[in-house]
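We have chain A; now place chain B onto it with these hints.
There are 2 protein chains.
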Amino acid sequence: MKNPNSNSADVNKIKAVIYGQDYQIKGRASVDQLRMVAMLVDHKMKEIGEANPRLDLNRVAVLAAVNVADEYLKLRQEYEDLLRILEQAQQLGGGEQE
Amino acid sequence: MKNPNSNSADVNKIKAVIYGQDYQIKGRASVDQLRMVAMLVDHKMKEIGEANPRLDLNRVAVLAAVNVADEYLKLRQEYEDLLRILEQAQQLGGGEQE
Numbered sequence: 001m002k003n004p005n006s007n008s009a010d011v012n013k014i015k016a017v018i019y020g021q022d023y024q025i026k027g028r029a030s031v032d033q034l035r036m037v038a039m040l041v042d043h044k045m046k047e048i049g050e051a052n053p054r055l056d057l058n059r060v061a062v063l064a065a066v067n068v069a070d071e072y073l074k075l076r077q078e079y080e081d082l083l084r085i086l087e088q089a090q091q092l093g094g095g096e097q098e
Numbered sequence: 001m002k003n004p005n006s007n008s009a010d011v012n013k014i015k016a017v018i019y020g021q022d023y024q025i026k027g028r029a030s031v032d033q034l035r036m037v038a039m040l041v042d043h044k045m046k047e048i049g050e051a052n053p054r055l056d057l058n059r060v061a062v063l064a065a066v067n068v069a070d071e072y073l074k075l076r077q078e079y080e081d082l083l084r085i086l087e088q089a090q091q092l093g094g095g096e097q098e
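First to last, the sequence lines map onto chains A and B. 1 is the number of the first residue of the first sequence in the UniProt record's numbering; add one for each residue after it. 1 is the number of the first residue of the second sequence in the UniProt record's numbering; add one for each residue after it.
What the hints contain is simulated information worked out from the structure, not anything from laboratory work. Please note that a few of the clues may not be correct.
Treat identical chains as interchangeable: a pair holds within one or across any two.
[To be verified] Capping the alpha-carbon separation at 30 Å, the derived lysine-lysine pairs in BS3-like fashion look like this: (1) 46 - 74; (2) 13 - 74; (3) 26 - 15; (4) 13 - 46; (5) 13 - 26; (6) 26 - 46; (7) 46 - 15.
As the structure is a computational prediction, the values presented were derived from the model and not from experiment.
Looking at chain A on its own, in the form it has when it is part of the complex (with noise of 0.2 Å):
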């Protein structure tokens, strides 16, 4: 999938700080969601580390990427549900497809 935000050589690169270390982020995805990626990185770990404000960084960090792991595979069990629901609609709706 093409991406408008999408530069020419379809990588792009954004400066972010995430808490508080600067970090350059790269990926196909575009600026804006880019940017969001690191906002979510940073308040996941504030988050964390204001909960548990004697845990080490990189401990933090670890914890951070479990939370949004977490969430990735809830959403993803999620998704697989609804690719299923929209199947049997589809079976149900209309067999003119041949």
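For chain B alone, coordinates are given in the frame of chain A:
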């Protein structure tokens, strides 16, 4: 939603090794789901760490979180698209709810 793998307090705990460090992961998800989450993060960190051997541990972890967050946001977009398709299919399929 109740999960058949949940314990009485509705919070499960697992011990997991992520990128060589011990973690206790807690969550409302099933034990299997928590294990998958830990494996996903461990896998991402190894992938990033192998590709960038000089990277600090905490930067490997942050970039793993960024990576998973990127996939999460893409999936959320796809999920919303699918939801829209399903809503349209339902509107076309049956107007007999009233």
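- Query: When no copy is specified for residue 13 and residue 46, does a C-alpha distance of 30 Å or less occur within a copy, between copies, both, or neither?
  - Reply: both (23 Å within a copy, 22 Å between copies)
- Query: How would you label the pair residue 13, residue 26 (within, between, both, or neither) given a Cα cut-off of 30 Å?
  - Reply: within (4 Å within a copy, 34 Å between copies)
- Query: Is the C-alpha distance from residue 46 to residue 15 at most 30 Å within one copy, between copies, in both cases, or in neither?
  - Reply: both (18 Å within a copy, 23 Å between copies)
- Message: Within, between, both or neither: how does the pair residue 26, residue 46 come out at a Cα-Cα threshold of 30 Å?
- Response: both (22 Å within a copy, 18 Å between copies)
- Quick one: residue 13 to residue 74, C-alpha cut-off 30 Å, is that within a copy, between copies, both, or neither? both (28 Å within a copy, 17 Å between copies)
- Message: My question is about residue 26 and residue 15: at a cut-off of 30 Å on alpha-carbon distance, are they close within one copy, between copies, both, or neither?
- Response: Within one copy, since 9 Å is at most 30 Å while 32 Å is not.
- Query: At most 30 Å between C-alpha atoms: does residue 46 with residue 74 qualify within a copy, between copies, both, or neither?
  - Reply: Answer is both: 22 Å inside a copy and 23 Å across each meet the 30 Å cutoff.
Figure legend: structure checked against the earlier numbered hints; every hint is met.
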